[in-house]
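Visitor: Now for the letters of each chain:
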Amino acid sequence: MSTETLEQTEEVAVVKKPAEGLLSKRRKAFITDPLNEDNPITVQVLGICSALAVTVKMEPTLIMSIAVVFVIVFSNLIISLIRNLVPNRVRIIVQLAVIATLVTLVNEVLKAYNYEMYKVLGAFVGLIITNCIVMGRLEAFAMGNKPYDSVLDGIGSGFGYAWIILTVAFFRELFGSGSIFDFKIFEAVGISNFATNGLMVDSIGAFVVLGVLIWVQRSKTGYVEH
Amino acid sequence: MQQSNTYIIIFTAVMTVIVGGLLSLTSQGLAPAQKKSIELDTKTQILSSVMDREQLSKMKPDEILSMYNERIASLVVDINGQIIEKDEKGEDMVAEEVSILKNYKKDPSERQYPVFKYMNESDLNKVDAYIIPIYGAGLWNAIWGYVALESDLNTITGASFDHTGETPGLGARITSPEIQNRYVGKKILSDNGEIISVNMVKGEGNEGLNEHQVDGMSGATITGRGVNDMLKAYLSHYESYFTTIKNGATAKL
Chain U
1 MSTETLEQTE EVAVVKKPAE GLLSKRRKAF ITDPLNEDNP ITVQVLGICS
51 ALAVTVKMEP TLIMSIAVVF VIVFSNLIIS LIRNLVPNRV RIIVQLAVIA
101 TLVTLVNEVL KAYNYEMYKV LGAFVGLIIT NCIVMGRLEA FAMGNKPYDS
151 VLDGIGSGFG YAWIILTVAF FRELFGSGSI FDFKIFEAVG ISNFATNGLM
201 VDSIGAFVVL GVLIWVQRSK TGYVEH
Chain X
227 MQQSNTYIII FTAVMTVIVG GLLSLTSQGL APAQKKSIEL DTKTQILSSV
277 MDREQLSKMK PDEILSMYNE RIASLVVDIN GQIIEKDEKG EDMVAEEVSI
327 LKNYKKDPSE RQYPVFKYMN ESDLNKVDAY IIPIYGAGLW NAIWGYVALE
377 SDLNTITGAS FDHTGETPGL GARITSPEIQ NRYVGKKILS DNGEIISVNM
427 VKGEGNEGLN EHQVDGMSGA TITGRGVNDM LKAYLSHYES YFTTIKNGAT
477 AKL
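Residue numbers (our numbering), protein chains in the order written: chain U, 1 to 226; chain X, 227 to 479.
For lysine-lysine, the following DSS-like pairs were computed, each having C-alpha atoms within a straight-line distance of at most 30 Å:
| no. | chain 1 | residue 1 | chain 2 | residue 2 |
| --- | --- | --- | --- | --- |
| 1 | X | LYS262 | U | LYS111 |
| 2 | U | LYS184 | X | LYS269 |
| 3 | X | LYS332 | U | LYS111 |
| 4 | U | LYS119 | X | LYS286 |
| 5 | U | LYS119 | X | LYS261 |
| 6 | X | LYS458 | U | LYS119 |
| 7 | U | LYS28 | U | LYS220 |
| 8 | U | LYS111 | X | LYS284 |
| 9 | U | LYS111 | X | LYS286 |
| 10 | X | LYS261 | U | LYS111 |
| 11 | U | LYS119 | X | LYS428 |
| 12 | X | LYS284 | U | LYS119 |
| 13 | X | LYS269 | U | LYS119 |
| 14 | X | LYS286 | U | LYS184 |
| 15 | X | LYS331 | U | LYS111 |
| 16 | X | LYS262 | U | LYS119 |
| 17 | X | LYS328 | U | LYS119 |
| 18 | X | LYS328 | U | LYS111 |
| 19 | X | LYS343 | X | LYS261 |
| 20 | U | LYS111 | X | LYS269 |
| 21 | X | LYS343 | U | LYS119 |
Here chain X is said to cover these stretches of chain U; the calculated rule only asks that three of the stretch's residues, wherever they fall, bring their Cβ under 8 Å from a Cβ of chain X:
| no. | region |
| --- | --- |
| 22 | 85-93 |
| 23 | 188-202 |
Just so you know, these hints were derived from the structure itself, not from any lab. Heads up, the beta-carbon is just placed ideally off N, CA and C, and yes, glycines get one too.
Isolated chain U (complex conformation) (with noise of 0.2 Å):
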């Protein structure tokens, strides 16, 4: 996390310059950064225990990154507006909060609408407030840069977290229940008699592909840990 503020101090200096195009390059750096380079799952490791435990199918996964995405935008959002009225001492309460209400939001949301996945996600919409990865954005960035960068930045952080959680989904219902999206593909392409692995299904196997996820990812981009 060291490394990382000293970062944010770097880009709050360069946010000062005038007229800067909407997407400049500084700003998808903003996006593509935490895609690949500085991925919050594979790099930061943030949020692994969500990234463990709804992974098992990939429609649930797809539910939870929606939802991620967007408190990640709204809460960065948010508090980036109110960052100068923030009062320093009970800042961590107050992002706290906004979190906790949105991620309230999108349980009732998914309660109302679509009760299925709520009762498939449960604990686990809830367990957003805790997740890391939000809270992180938003003491690390949201507090000390503009509004429209935050919510960049959000986007950054939330489809990052998405990606890895989607790929990880989808090798576990693929070996794990020979399904995507509860399509039983292998029964369509003639294979009736594929073995499902077990493993897949528990949290066991998620560790196991995010490992190899993290290993091809590093192996790629050179990222040794300090």
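Since chain U is already given, all that's left is putting chain X on it; use the hints.
Guide: Chain X alone, transformed into the frame defined by chain U:
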């Protein structure tokens, strides 16, 4: 920036009011839609104990509700099998609104027991199946479901189970059709009419199971035991009601 205590208190107070107001507005605004989805969920679960799930999952919410209204006749009985017509407030009992959880916490003799009768498609006075709700404890948390019995009140037509927090891939498999279909055709009564229920055995891939046994779930023995316990308990709670129906049926003959 260092703010005064007064500022902090005012800030948090204003924030609490805004957040609280927003949340209560949402909760109020979404309440009808939530009630509707819960109702749909309950009715779908009831129907899934007697109907083909594939077919059910393809139906639209409205179709499910109208199907439910057409085919299901519900009533509430007490432990002695007597029909309860009015609730404590003197209003008509609605079986769908009886909370199984709230009743589960009471002593069995004081509980209200809903019964959902699945009526014959062509003859709406003939009962195809009796569906009863069941509730109990799994390994981690509550498990519940519905069991449908044929009109002989002995053969299981179908079962549907649900859970709060059983282990995914192990105990949580009770929600899968694969497990639930194992109950179809099993008998709950012994030859001399006593309730011996249907037991899920330990281990998976067992052979030579009799009509009171179903194959177990590998790695989920305790969840299986929970299912056995709740099934047996609720079947015995409904025993007097079943006896009244059987007596009534013989009287008519």
